[in-house]
Amino acid sequence: MEHRRPVYWAGMKKGYDAHGTLPGSLEAAGGHPCRIRLIQYHQELVREQEVATVDELAGLQREELVTWIDLAGTPDQECLEALGRQFNLHPLALEDVVNPGQHSKIENYGKYLFIVLYLLDPLKAIRPVQVNIFLGADFVISICEEGEQAFHLLRKRIKEGQGLIRQQGSDFLAYCVCDAVVDHYFPILEQLGDQLTFLEKRTFAGASQEIVEEIHSLKMDLLVIGRLTMEAQEVLSEMMQGENSSLFGSSVAYYLRDVLDHTHQLSRSVDSYRQISDSTLNSHLSLKNHQMNEVIKVLTIITSIFIPLTFIVGVYGMNFQPEAGPLNMPEITWQYGYPFVWGVMLLVVFVMLIIFRRKGWL
Amino acid sequence: MEHRRPVYWAGMKKGYDAHGTLPGSLEAAGGHPCRIRLIQYHQELVREQEVATVDELAGLQREELVTWIDLAGTPDQECLEALGRQFNLHPLALEDVVNPGQHSKIENYGKYLFIVLYLLDPLKAIRPVQVNIFLGADFVISICEEGEQAFHLLRKRIKEGQGLIRQQGSDFLAYCVCDAVVDHYFPILEQLGDQLTFLEKRTFAGASQEIVEEIHSLKMDLLVIGRLTMEAQEVLSEMMQGENSSLFGSSVAYYLRDVLDHTHQLSRSVDSYRQISDSTLNSHLSLKNHQMNEVIKVLTIITSIFIPLTFIVGVYGMNFQPEAGPLNMPEITWQYGYPFVWGVMLLVVFVMLIIFRRKGWL
Amino acid sequence: MEHRRPVYWAGMKKGYDAHGTLPGSLEAAGGHPCRIRLIQYHQELVREQEVATVDELAGLQREELVTWIDLAGTPDQECLEALGRQFNLHPLALEDVVNPGQHSKIENYGKYLFIVLYLLDPLKAIRPVQVNIFLGADFVISICEEGEQAFHLLRKRIKEGQGLIRQQGSDFLAYCVCDAVVDHYFPILEQLGDQLTFLEKRTFAGASQEIVEEIHSLKMDLLVIGRLTMEAQEVLSEMMQGENSSLFGSSVAYYLRDVLDHTHQLSRSVDSYRQISDSTLNSHLSLKNHQMNEVIKVLTIITSIFIPLTFIVGVYGMNFQPEAGPLNMPEITWQYGYPFVWGVMLLVVFVMLIIFRRKGWL
Amino acid sequence: MEHRRPVYWAGMKKGYDAHGTLPGSLEAAGGHPCRIRLIQYHQELVREQEVATVDELAGLQREELVTWIDLAGTPDQECLEALGRQFNLHPLALEDVVNPGQHSKIENYGKYLFIVLYLLDPLKAIRPVQVNIFLGADFVISICEEGEQAFHLLRKRIKEGQGLIRQQGSDFLAYCVCDAVVDHYFPILEQLGDQLTFLEKRTFAGASQEIVEEIHSLKMDLLVIGRLTMEAQEVLSEMMQGENSSLFGSSVAYYLRDVLDHTHQLSRSVDSYRQISDSTLNSHLSLKNHQMNEVIKVLTIITSIFIPLTFIVGVYGMNFQPEAGPLNMPEITWQYGYPFVWGVMLLVVFVMLIIFRRKGWL
Amino acid sequence: MEHRRPVYWAGMKKGYDAHGTLPGSLEAAGGHPCRIRLIQYHQELVREQEVATVDELAGLQREELVTWIDLAGTPDQECLEALGRQFNLHPLALEDVVNPGQHSKIENYGKYLFIVLYLLDPLKAIRPVQVNIFLGADFVISICEEGEQAFHLLRKRIKEGQGLIRQQGSDFLAYCVCDAVVDHYFPILEQLGDQLTFLEKRTFAGASQEIVEEIHSLKMDLLVIGRLTMEAQEVLSEMMQGENSSLFGSSVAYYLRDVLDHTHQLSRSVDSYRQISDSTLNSHLSLKNHQMNEVIKVLTIITSIFIPLTFIVGVYGMNFQPEAGPLNMPEITWQYGYPFVWGVMLLVVFVMLIIFRRKGWL
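Protein chains in written order, with the working numbering: chain A, 117 to 478; chain B, 117 to 478; chain C, 117 to 478; chain D, 117 to 478; chain E, 117 to 478.
If you're looking for bench data, these hints aren't it; they were derived computationally from the structure.
Just so we're clear, the structure is a prediction, and the values are computed from it rather than from any experiment.
Any given hint could turn out to be false.
Said to hold, decoys possible - Here are a few chain E residues that sit away from chain D, every Cβ distance over 12 Å (derived from the structure):
no. : residue
1   : 158
2   : 163
3   : 166
4   : 174
5   : 265
6   : 272
7   : 278
8   : 282
9   : 317
10  : 338
11  : 408
12  : 442
13  : 471
What the hints assert, rightly or not - Below, in silico cross-link-like pairs of lysine-lysine (BS3-like), each with a Cα-Cα straight-line distance of 30 Å or less:
no. : chain 1 : residue 1 : chain 2 : residue 2
14  : D       : 475       : E       : 475
15  : B       : 221       : A       : 221
16  : C       : 221       : D       : 317
17  : D       : 221       : E       : 275
18  : A       : 221       : E       : 221
19  : A       : 317       : B       : 475
20  : D       : 317       : C       : 317
21  : E       : 272       : E       : 221
22  : A       : 475       : B       : 317
23  : C       : 272       : C       : 317
24  : D       : 475       : C       : 475
25  : C       : 272       : C       : 227
26  : A       : 272       : A       : 221
27  : A       : 475       : B       : 475
28  : E       : 227       : E       : 275
29  : A       : 272       : A       : 227
30  : A       : 317       : E       : 475
31  : E       : 227       : D       : 475
32  : E       : 475       : A       : 475
33  : C       : 317       : B       : 475
34  : A       : 317       : E       : 317
35  : B       : 221       : B       : 272
36  : C       : 221       : B       : 221
37  : E       : 272       : E       : 317
We put the beta carbon where it would ideally sit given N, CA and C, even for glycine.
Working from the sequences, and respecting the hints, build out all of it.
Here it is in structure tokens:
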């Protein structure tokens, strides 16, 4: 757990300007290597090329083609500034690209939409990776650290002309990117569901104390996913409303509704999982409590039986001298003293057992 | 419990596209055998026939008749595609038919409504089975794995002309299908209610630890039913609003309101049941705690009485030699030493009992 | 508790159609004897007569009079059908009369309102009894199993011309019926409040375990009343809105607002009571926990004092032979051996007591 | 606590009509002595006089003056009826004056507003006292059991012409009354805050069990205040909306907003206090649990050390006769038998201490 | 913790008028030294000067310049009154400046907006410090006890002409002040996040009881921050709506949305932190419970093994005289009596160990 949280929080930590920095400044840009792909297509044509710098993109945009600029990796400051100049992107939007760890959102900058969503890194489980999408009338720009892998199938679909994508415009492409992001959550949630079923089974099979930490960890993961899906849901429903919807053709609306539908499904599952994990934790605690009761019962039964017996044998271990008086432990000089004491002790045990059985302890 | 959950979750797991598959593709269609019934009627006429393939339906639709195409079972891909072609159904809707495990919903595709509801399989208790309903101006298509049994009475009612159904259009038929689905929940919820009453009784009669698992399991069932009824409620109230309502005649509106009313009743009962089961669980835990207190009290009383006695008899078991000095255990040479010790011990017991009674432990 | 719940739930159980019955059928009608009263009045005139069957009512309705048809008891099927024919009542509404156990509601059927509210049977405490009210332009029909007693004072008020009722129309009469139902809850809630105060007092006086069951039972009662008052509140606020309000004159609106106000008061009190009962339960549990701590403390103190002493006296009960060597228990041959051991033991007790006092256990 | 709750509840209990009484009847009016003050003013003039009966007020109202009729105490039925006649007040409003214990509210009766708020009696802490305010175009009527003290400063301010009040109309006067009521809550809440801080401190200093009752009592007080401030907030925000606002001049609106602001502040503080008291209670319980753990640890350590030792010394207290055979307790005839046993026992203690230290119990 | 709460509450305590004081009076003004800076700028010009009294500001305001009057410290009454006169500020707003401890808010006084936000004092952690902002068409007045340090960087940015600020009007300046306040929360929340991660780690490493107090304290801090960020969020979203938005140019709207976005991020993080701290506390309690179980298990095992053994050796410590009869403890005269007893005892231990292993206690 520990190796994951700090990353997420570290992400969040960077999500604000150092106190006093200029809003809209790009200083913090990381500068990890970043592949820039230019994909252009219409119904009958696909062109994909990789460029070294954003500047090479200038003049390549054509009206009759849908242009997808796919930045996979962490772009450096220069790159983003060039992109901003070329596509007229607002510095505040670019700042949000540089400082990941913000929440999902959609912002309408008039000529384009700026959409922020989150992937969960498949390798490191619950580490959110920001996906930035700019959707203009004839272009889509996507910037994502894990874009190489996340959009692999989408690129392939365009190249091979599968489905409707090549007949549609940039709005459909943006939908496809969002769809890829949302569908991404399902296998992760499924995995958490399996984990939960396993935790549940182990709980009722009498799990050890470690399960508490595992449930805590699962709940933390659900917290992250629940927040991300809820935000994605908000983003997608905002996408279909008001001024934002003007960028989407009516045929794409059905598809957007479908993704929105998926986010509903996700967030309801997260909600169910949360309730299941709470109920599982409570069941575990109750089970442990029950076990303690059993332990204490055993202690009580054994103590209650043997302590009186020990007392009785202690009595006859006293050294009173029978010679000093006839009332001084005459029992020890009786002929059947010893069997008599055993009789008394067996009677005590018997009575105790009956009492315990009546109380339902045995 | 275990045999149920995986089914539900498995259902849910399939409810998303494999990452990267084309939206609207029907690849996952199962292909279990599926009965296709064509039922056509107006006030004075009923025609029911079973067809082998969807293609045979072509040309059978007539304007003056209400057409119900009732697919009971899991239709294969071909069948769905044919249906899609013939009735102009949107691929996204058909995809939802193929991939069950989605949540209930209503979608307006202009010329028809697509409604998804859930039956709970009566045999396997809490296993949701998807019911897909397409409602057009003069046709209803219902697709349901358990349709054979679920709509048996409805088919009979049409054939025998009971009630209003034959005087009404396809909207009333769609209402009847929804009504059958919603009324389905009542006996199941009733059964859970009986279970709960039984759990409650056992709790206050001092149930064993297993009740915790049973309450957990009941809560999981309530979670599923609660979610389904809440969704059904949303679907039904959406049905009566905005553009959707145009497909329903004003006389059907009263009937829709009645079903909606039933869903309210259901979801309030689920809510009550949840609170009752929570309170029952808490009562159980408190009762167990109380029992532990009693056990510990018994332990304490017995220990507190016998440990001092054991100490006293231990004292007179010491081997100090009276001969070595007059202060060396003169008691054991007293004439009434032994009765004296018994007197002391009875006094100790008596004092202890008084103390415990004062503390309210006896 | 047990004698009450099943009734309520049984009521609920009947609240749905047997799966597959025709919507709007009246088959389940009970057929208990039912008094039918016809009360007609205007400012200067009152006429009350009891009729044997609904058919006798035909032709008795007059425009210038307010007509109240008051059915006290469970009407049989015939009776309801006759009523339906005569007043043109919708079969769905009549079905709701036959199948009690539904939730409170208001339904506008154009020419009349159908209102369902619940009385709580004063004899069997928390058993809901359905009150059905049909409000038309110049008539009110009330159907209630307990109507004999519930509306006794209202009938008297009409006959004696108390208050405004004779100057007003059928809308005011309907208000009076609702007012009688809502005011009915107050003494019951008051009784629960007294019960709660008593539970609270007993809790802090150190109640026994039974209080948990009593609080559970009280919470179940609050659940029922809370649900009923919340529903009554919804019904009353709907009554004052939209198309429903057209049946109410503006002078009646003030009075409706007053009843609505009473339901607010009720539901806030229920809410407070719930919080108080939760807090009381928690306090009880904490108190019991505290008592267990005390018991365990006593156990620990007595054990901690006497176990070391018992060990010491055990030491001198060993049978090592002083003759075998000078190191073999020379103490038992000392002149002051016995007093010396007592000294050691008193020291141990003293030290223990000091330690326990420092820990704050004494 | 006990001396307060009944009062509040008794108040609430009276807040409904005896079942079947006429709505709008004033029968329950108490009849405690009541001072009636007539205060009239405009910018340059103030007139205050006390009258014996409401009838004396007739004809004293003048258009150019603001008229405040201030009833301090519980008016009798006659008095209220006279007031109703003279100012044309609705019987339902007067009924609410007579039956205190209702919730706060605002009601628009066309020509005047009827406002109900609650003071908390400063002497008996959490006992709500109803304040009834009628606001007409040129008059304010206030009726309050504790009005003598509650509005003392307001009367003084009018007489001495402090602030804006003399330049403003009856709407500002009504605002001033509401402001006095709302500001009343602050010192009471402050006192609860102090109490809470004290409870918190004591909790972490290891408070005794009584703190549970005190926290329960505090939460009950917060429940009352929270309900009252929430209601006051609703009343004040309704005052500024819709038709009600027409009675308030635009310059008074700023002031109303300011009082509303105060109620926000109050209800947020109540909410914080509730969370703090919950967290404090949990901390207390956890602390007590921790203390029990410590006690049990001590018990276990002492028992675990001495029980084996007692066993060992018990062994050598057995009376096997060494003469009967060479294997019969030869140790007791050893020369160093006794020191040897002590050695064994010290070893046992040593091992036990090491084990406990490893487990972190010491 | 203790050194912080009183400050916050004390702040809150002063947030109401002493009961009966005139609304809008400034009597409580503190009078600590206060630096008054006048900063005026447009695109090409900056002028900063410090003045001794507010009166010196008269006549310095110029239309073509943005005027920022920055009061750092606690202004005295005179100063505020002068300010009120000069800028026509409403007495109610000035009263709120004097009595800090109110909640955040925005109030539209027609010609200017009055905004109240809160800084958290960086030195004393969670002590809220009120920031008062008046925004007029061409001026901004900021009054803040900690303004010296809080707006240091903003003043520098103006002076050095960094970013857009010099090209924009007073609305942008007000935005910058709000932005500085909101960004202020991030490092504090980050610190709490670190604390929480540390608490979490310690919990699962088996923390001591003190952690309960630390979590309680953290939750109290989250309560304060959560309330402040929620209020800031409300203030900022109100700023962008309705009549308030008219004071903000359209280019500033993007920036306001960005700050609003930051508050969303903050409040979601606070919410997550709350859930994490609750889950952590529960995990801690469960862990402690587990440890107690372990302790009790050790107690039970040791007791259960040694108590029967002690009984056995006690039996043979009895002093029955073998001479008195052949049944009187013949064992002690057996040749192998002693080894036989050891055999029995080892058997008991062995059986006990097997039982405990079967129960899973070892």
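For each hint, the structure was consulted:
| no. | hint | result |
| --- | --- | --- |
| 1 | 158 | holds (33 Å) |
| 2 | 163 | holds (34 Å) |
| 3 | 166 | holds (33 Å) |
| 4 | 174 | holds (26 Å) |
| 5 | 265 | holds (27 Å) |
| 6 | 272 | holds (35 Å) |
| 7 | 278 | holds (37 Å) |
| 8 | 282 | holds (35 Å) |
| 9 | 317 | holds (17 Å) |
| 10 | 338 | violated (10 Å) |
| 11 | 408 | violated (5 Å) |
| 12 | 442 | holds (15 Å) |
| 13 | 471 | holds (18 Å) |
| 14 | 475/D / 475/E | holds (22 Å) |
| 15 | 221/B / 221/A | holds (25 Å) |
| 16 | 221/C / 317/D | violated (51 Å) |
| 17 | 221/D / 275/E | violated (55 Å) |
| 18 | 221/A / 221/E | holds (25 Å) |
| 19 | 317/A / 475/B | violated (44 Å) |
| 20 | 317/D / 317/C | holds (26 Å) |
| 21 | 272/E / 221/E | holds (28 Å) |
| 22 | 475/A / 317/B | holds (19 Å) |
| 23 | 272/C / 317/C | violated (41 Å) |
| 24 | 475/D / 475/C | holds (22 Å) |
| 25 | 272/C / 227/C | holds (29 Å) |
| 26 | 272/A / 221/A | holds (28 Å) |
| 27 | 475/A / 475/B | holds (22 Å) |
| 28 | 227/E / 275/E | holds (28 Å) |
| 29 | 272/A / 227/A | holds (29 Å) |
| 30 | 317/A / 475/E | holds (20 Å) |
| 31 | 227/E / 475/D | violated (71 Å) |
| 32 | 475/E / 475/A | holds (22 Å) |
| 33 | 317/C / 475/B | holds (19 Å) |
| 34 | 317/A / 317/E | holds (26 Å) |
| 35 | 221/B / 272/B | holds (28 Å) |
| 36 | 221/C / 221/B | holds (25 Å) |
| 37 | 272/E / 317/E | violated (41 Å) |
Consistency note: the structure conflicts with the earlier hints numbered 10, 11, 16, 17, 19, 23, 31 and 37.
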